[in-house]
Amino acid sequence: MIAFIVRRLLQSVVVMLVVGFVAFSLFAYVGDPITIMLGQDFTELDAARIRRDLGLDQPFFVQFAHFVVNAVQGHFGISYRLARPVDQLIAERLPATLELSFVAASLALALGLPMGVYTGLHRDSWLSRVMLTLSLVGVSLPTFLIGILLILFFSVILGWLPSFGRGTTVHLGWWTTGFLTTSGLKALILPSITLGLFQMTLIMRLVRAEMLEVLRTDYVKFARARGLPNRAVHFGHALKNTLVPVITITGLQLGALIAFAIITETVFQWPGMGLLFIQSVSFADVPVMAAYLCLVAFFFVVINLIVDLLYYAVDPRLRIDRAVSGGHTV
Amino acid sequence: MATTSRDLARPPTRNALRRALDSDIFYSFRRSPVVVAAAIVTLICFIGAVCAPWLAPHNPFDLKTLNLIDAFTPPAWMDEGTRKFLLGTDDQGRDVLSTIMYGARISLAVGFFSVLFAMTLGVSLGLISGYVGGALDAFIMRVADVQLSFPAILIALLIDGLARTTLPRDVHDRVIVYVLILAIGITGWVQYARTVRGSTLVEKNKEYVQAARVIGRHPVAIMARHVLPNVMGPVLVIATINLAIAILTEATLSFLGVGVPPTQPSLGTLIRVGNDFLFSGEWWITIFPGAALVVMVLAVNLLGDWLRDALNPKLR
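Residue numbers (the working numbering), protein chains in the order written: chain R, 399 to 728; chain U, 263 to 578.
FYI, nobody ran anything at the bench for these hints, they're computed from the structure.
None of these values were measured; they are calculated from a predicted model.
We put the CB at the ideal spot given by N, CA and C, even for glycine.
There may be inaccurate statements among the hints.
Said to hold, decoys possible - Derived, one-sided and incomplete: chain R residues facing chain U with beta-carbon distance under 10 Å:
#1 L408
#2 V412
#3 A657
Stated by the list, open to error - Some residues of chain R that are not near chain U, with every Cβ distance over 12 Å (derived):
#4 V413
#5 V420
#6 F459
#7 F462
#8 L480
#9 Q486
#10 D522
#11 G545
#12 I549
#13 T575
#14 V618
#15 K638
#16 I645
#17 Q677
#18 S678
#19 S680
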């Protein structure tokens with residue numbers, strides 16, 4: 399168990415280093431920062447002095463090491479576009495994205511799981527067919543179009559809900575939250591539906607497929623033969639065993655939510671990290687791009703790690719296997 | 263040697279059509295009206311897009327035929343609409359139906375070629391990974407693992423951002439379509455590689471591969487001529503479903519403003535441009551391209567779903 403955790407941690411560090419390297423090489427491609435900083439009029443001497451002061455005359459890998467050391471402490475330099483420290487910018491935007499992703503993920507799980515179980519158990523009922531057809535439409539609707547349609551319907555035609563922004567937010571220390579005001583909660587509704595819908599259909603289809611698979615197995619038949627009530631068979635035997643892949647995919651999707659938030663945030667002008675990122679891509683604002691990339695990678699790595707550890711909690715077979723084979727992963 | 267085996271394998275040509283019509287796959291195709299409808303819709307979308315220069319009622323990029331007086335004409339069935347512009351016009355007086363047809367052309371082209379690129383890359387790497395094995399296999403699969411843990415859209419955004427920062431603006435606008443194909447293609451190879459690797463591991467221990475090895479055929483020939491045909495089934499399913507995903511990814515990137523520029527709009531670009539007029543009531547500029555995109559993707563998705571079920575013996 400400990401060997402496994404250590405190995406996974408090492409792997410995560412390697413992934414982070416690779417992402418950091420990619421992010422860092424972005425800087426190398428985007429012209430010369432000195433010319434950007436000095437503007438039109440400068441002498442060669444000025445340029446050389448600043449280059450030395452900033453450490454840009456040092457070898458590539460020394461610079462990369464500096465970058466890593468700074469990045470670990472959360473320092474990513476100063477945004478070219480907004481002329482402010484990147485860590486500040488991100489810290490301002492982080493709560494908006496995390497709150498949105500959290501609500502969207504809860505929505506997707508709370509609706510997707512029961513719908514998946516239902517469609518798995520009642521394979522041929524008309525409600526299942528409706529849900530499956532709708533889910534296929536949901537998969538085919540791109541996120542941004544869902545957002546546009548929701549805006550058209552609920553903001554333009556009905557005028558019930560706001561079409562952009564976070565509404566009024568409340569400061570809790572450095573964290574800003576929209577959970578505590580009515581306008582903040584109202585502003586959350588459309589974006590979180592937009593963001594969560596795709597994940598919901600995904601979870602539903604996954605749970606359904608897993609349920610169908612498990613219901614065919616011998617132990618479920620045996621449980622039925624023993625005369626256990628349907629409820630015990632379905633939820634005690636079947637559902638429990640579908641959870642491993644569901645946890646994996648849901649975990650990975652949680653990371654995907656943060657990335658997909660880019661689209662939702664663009665549609666709703668939601669002041670989160672994704673909007674910041676897409677604006678910096680159009681302006682080639684490399685420090686912000688690099689910081690966002692590293693941060694998202696960090697989220698992913700942490701989520702993956704948690705998912706792997708959750709396996710142990712859910713699936714006792716893994717614990718035994720590992721113990722016997724001395725921590726070897728297959 | 264090779265010629266004789268090929269002669270034996272070739273089916274009698276006269277019966278090929280008959281056999282195709284009798285096959286299980288065609289039976290399951292004919293039996294489901296939804297799938298037949300999806301196939302017809304897909305075909306119409308393809309023809310409409312590919313033949314846009316001949317079929318479209320107007321050429322939206324011919325500036326001589328554009329007239330700003332025509333701008334914001336609503337669809338033909340509304341009060342101020344004219345039959346000249348069936349689905350209305352946009353802010354520059356371009357016929358929406360024509361821009362959709364031309365836009366679908368770009369969307370489809372990017373989708374198709376990026377899937378082709380991803381398939382070639384993924385299948386080759388999967389074959390090599392499964393057939394050669396060892397350290398190379400471990401390396402390729404590790405890279406696949408890492409890439410799989412990032413969402414495709416982010417990788418595509420990154421590649422596009424990279425191209426944007428490295429290339430001068432005019433060059434960038436000219437090559438953006440190729441950059442998109444590359445970016446979307448790279449995000450898709452993992453699935454093919456994993457699937458092909460899995461089936462290659464099974465196939466390479468079968469007698470026919472061993473026989474080919476014994477008579478001394480080159481490993482590349484074995485991979486391409488013997489193993490490849492036997493692992494292609496699932497690849498086609500993935501390709502169909504990924505075509506839908508690729509079209510959506512392109513649309514998303516264009517919607518975000520980092521894809522195809524408005525001078526050569528794809529469906530995503532059209533939706534983005536039209537989005538600005540949503541609040542002022544000109545809904546048709548954005549809703550019709552959106553509907554076209556959804557119909558196209560839905561039809562391809564339905565075909566993919568059917569193909570997966572039809573080729574999967576477990577579900578019969």
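Hint by hint, here is what the structure shows:
1. L408: violated, 13 Å
2. V412: holds, 9 Å
3. A657: At 4 Å from the nearest chain U Cβ, R:A657 passes the 10 Å test, so the hint holds.
4. V413: At roughly 6 Å from the nearest Cβ of chain U, R:V413 sits no farther out than 12 Å, so the non-interface label is violated.
5. V420: Nearest chain U Cβ is 8 Å from R:V420, so the label is violated.
6. F459: Fine: 21 Å to the nearest Cβ keeps R:F459 off the interface.
7. F462: holds, 17 Å
8. L480: holds, 17 Å
9. Q486: holds, 22 Å
10. D522: holds, 14 Å
11. G545: violated, 9 Å
12. I549: violated, 7 Å
13. T575: holds, 26 Å
14. V618: holds, 17 Å
15. K638: holds, 23 Å
16. I645: The claim stands: R:I645 keeps its Cβ more than 12 Å from every Cβ of chain U (closest is about 15 Å).
17. Q677: violated, 9 Å
18. S678: violated, 9 Å
19. S680: Non-interface label fails for R:S680: nearest chain U Cβ at 6 Å, not farther than 12 Å.
In summary, the structure is inconsistent with hints 1, 4, 5, 11, 12, 17, 18, 19 from the numbered list given earlier, while agreeing with the others.
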